[in-house]
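Can you build the whole structure from these sequences, using the hints too?
These protein sequences, in sequence, are chains A and B. Numbered as in the numbering used here, the first sequence ends at 325 without a single skipped number. Numbered as in the numbering used here, the second sequence ends at 650 without a single skipped number.
Hints listed in this document are in silico derivations from the structure and should not be mistaken for laboratory results. Don't take each hint at face value.
Said to hold, decoys possible - Derived CB-CB ranges, DEER-like:
#1 A:Glu278 / B:Gly475: 42 to 48 Å
#2 A:Glu228 / B:Ile611: 48 to 54 Å
#3 A:Ala67 / B:Val472: 30 to 36 Å
#4 A:Met44 / B:Phe612: 37 to 43 Å
#5 B:Leu370 / A:Ser131: 36 to 42 Å
#6 B:Arg356 / A:Trp154: 34 to 40 Å
#7 B:His414 / A:Asp182: 37 to 43 Å
#8 A:Gly215 / B:Leu370: 52 to 58 Å
#9 A:Phe134 / B:Asp415: 38 to 44 Å
#10 B:Pro507 / A:Val184: 39 to 45 Å
#11 A:Phe245 / B:Asp415: 56 to 62 Å
#12 B:Leu370 / A:Ala50: 54 to 60 Å
In this text, a Cβ means the ideal position worked out from N, Cα and C, and glycines have one as well.
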Amino acid sequence: MQAFILRNILQRLVLVFVVSVLAHSVIHLAPGEPSEVDPANPRMKPEDIAKIREAFHLDAPLYMQYAYWVRDLASGELKSFKDSQPVLGKIWRRFLNSLPLFICATLLVWTLAFPTGIQAAIHRGAVYDRSTTFAAYTLISVPGFFLSYIVILWVVDLFGVPVIGLKTFGMDMAPPLFQTMDRVWHLVIPSLMSALGGMAILSRYVRSQMLEVVGQDYVRTARAKGAEEDVVIYRHALRNALLPFVTMFGFLLPGLIGGSVIFEQIFAWPGLGRLGYEAILARDFPVILTLNFIAAVLTLAGTLLSDILYAVVDPRIRTGLQGDG
Amino acid sequence: MEDVVTKDPAQSAEELPPSETPWQESLRLFRKDRLALAGAYVLVLLLFTAVFGKVLTEWVVVFDPEVVRLPEKFLPPLTFSSTEEVPAHDRPFGGIYLLGTDELGRDVFARMLQGSFVSLSIGFIAVGISLAIGILLGGLSGFYGNVRLGLVTVDTLIMRFTDVMLCFPTFFLILTVVALLPPSIYNIMIVIGLTSWMGTARFVRAEFLALRKQDFVVAATSVGARDRRVIFAHMVPNAIAPVLVSATIGVATAILTESGLSFLGFGVQPPYATWGNILADGKGFIFDAPWLFFIPGLAILVVVLAFNLVGEGLREALNPKLRRR
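Printed below as a string of structure tokens:
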């Protein structure tokens, strides 16, 4: 087991290196530089551009730029091109903003998708199954911002739910209780909207997993020995259907950055996705690069975690490992 | 000798029940799935619309999407064009705006027609690219996986690279690259294609690994068939089912991705109209001219839904495990 974990970690360290090189070269090989953001500006003289390029090491060869980036990132001194703020600090502040949204959305996804999917699988082909199937596909197929705009139109007038930002402007002097409530209130619609798509996809997975398991011999055996239907479904079937979802944890974390760009833009949520979007607009290479890199590292960490969890949960894999040596 | 040859097929025809080829069986199963069948009809209709749209907006200009008629902006759907304010050659076909006009007085129906071809070709070309890469890499890895290149095998090399690509948050990566590259419709297609082949590569590899051990492939190899023949005549036709499914769903995803990019302002730039950028432009007029927002939004929803339903129907119809239930 330890050898397995160690080997996995080593493999992933190599991957981290490859990922960082790839991310770096993709961004630097693409045309367009921070110095060209404002070419129409008459005050930008060639010597100014040369100065900027030198200050950001943009005139150095690519491998040197990579080395500079790694050095600065490792020492925590990586500065944004845009405002010379430390990149890691910027990302950390935005991360704290994104986190509640991410946690709420994830909780919604996982708590609502499972019951829906399980029920659909149990009543395969019935009205409930067909209507949730159709609803799920509709949610998967609708452009996220289209649905969000419709919901905003409908919900703001009806319930007066805030849909902009993460708190009401000017609430800083209010008692802490009100401030907290205000923040929670602001979370409702954004987290619900960003959860819908994931909910639809996950409930389909749950359904197909349950269908696969419900036909197995041990479920029939459980029924045959007279176990109650609930016990059969939730103890015998569901436990085995849960296995593959362990792997999904791995792909949960990077959603923190990639999945949120559009929704944070819609709801003016100052989180990581918006930071990335703003950085792209400003050609702020250090921020873009570091965000991509962090997302990739998070994915690798997630898959590592899920591989280990899988080995812990599924005895078949464990014995297979021992067989390997 | 002749006796045996003539007798044998007749005998087997009497003994065996009337059988159908696997494809016929799949087709029959597909037809039973009403949602998928409805989706298929929508897609056929869409294909016609796209082709006619291309013909009627660009080659034989019946509906001109680019005519600007400022006196007639923001007309709701099914309004007649007033004859005195617009010169005769600028009037829409039949003198009626079927889907209204936008903020420049352009005919929304004509723009949607033009957009249907562009949106669809983005989907198809992006998926074509991703399939080509996915099948090539997956096939190489599955068939020639054991070949060693120096220290590592082909399989390790390709699958590690796939892992690296899977690490990046797809949408954020697409956004980064599209934003950094000069705006062009081809860049969008290529970038979406280049960032979405990993799933295909993985399951083509899995299929190939499984197929290589099948008797008919072993037999073909042992009678001395060349690799090319084994791969293209024997293995590819048997591995094509999941590819078909993922291609269908891939087109849907590409159309959604394009609309998401349009929302963020990095989609297909004018003069091309796509459903995504009509929708993104329309969001600014959601109160004044709701049809500019709802028509493209619903069109995207219906088409993407159709692709998803057809994909899912194919998955069920082509999956031998789910048959006979």
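Evaluated hints:
1. For Glu278 of chain A and Gly475 of chain B, the hinted distance range of 42 to 48 Å is satisfied, since their beta carbons lie about 43 Å from each other.
2. Checking the proposed 48 to 54 Å range against Glu228 of chain A and Ile611 of chain B shows it holds: the Cβ atoms sit about 52 Å from each other.
3. Judged by the Cβ atoms, the range 30 to 36 Å given for Ala67 of chain A and Val472 of chain B holds: they are separated by roughly 34 Å.
4. Take Met44 of chain A and Phe612 of chain B: their Cβ atoms lie about 40 Å apart, and the range 37 to 43 Å holds.
5. The supplied range of 36 to 42 Å is broken by Leu370 of chain B and Ser131 of chain A, whose beta-carbon atoms lie about 24 Å from each other.
6. As the Cβ distance of Arg356 of chain B to Trp154 of chain A is approximately 38 Å, the hint placing it in 34 to 40 Å holds.
7. Taking 37 to 43 Å as the suggested C-beta distance range, the pair His414 of chain B and Asp182 of chain A does not conform, at roughly 58 Å.
8. For the hinted restraint 52 to 58 Å between Gly215 of chain A and Leu370 of chain B, the CB-CB distance of approximately 37 Å leaves it violated.
9. In this structure, Phe134 of chain A and Asp415 of chain B meet the distance hint of 38 to 44 Å, their C-beta atoms being roughly 43 Å apart.
10. The given range of 39 to 45 Å is respected by Pro507 of chain B and Val184 of chain A, whose C-beta atoms sit roughly 44 Å from each other.
11. Range check, Phe245 of chain A to Asp415 of chain B: Cβ separation about 58 Å, and the 56 to 62 Å hint holds.
12. The hinted range of 54 to 60 Å is satisfied by Leu370 of chain B and Ala50 of chain A, whose Cβ atoms lie roughly 58 Å apart.
The structure fails hints 5, 7, 8 (numbered hints given earlier, in ascending order).
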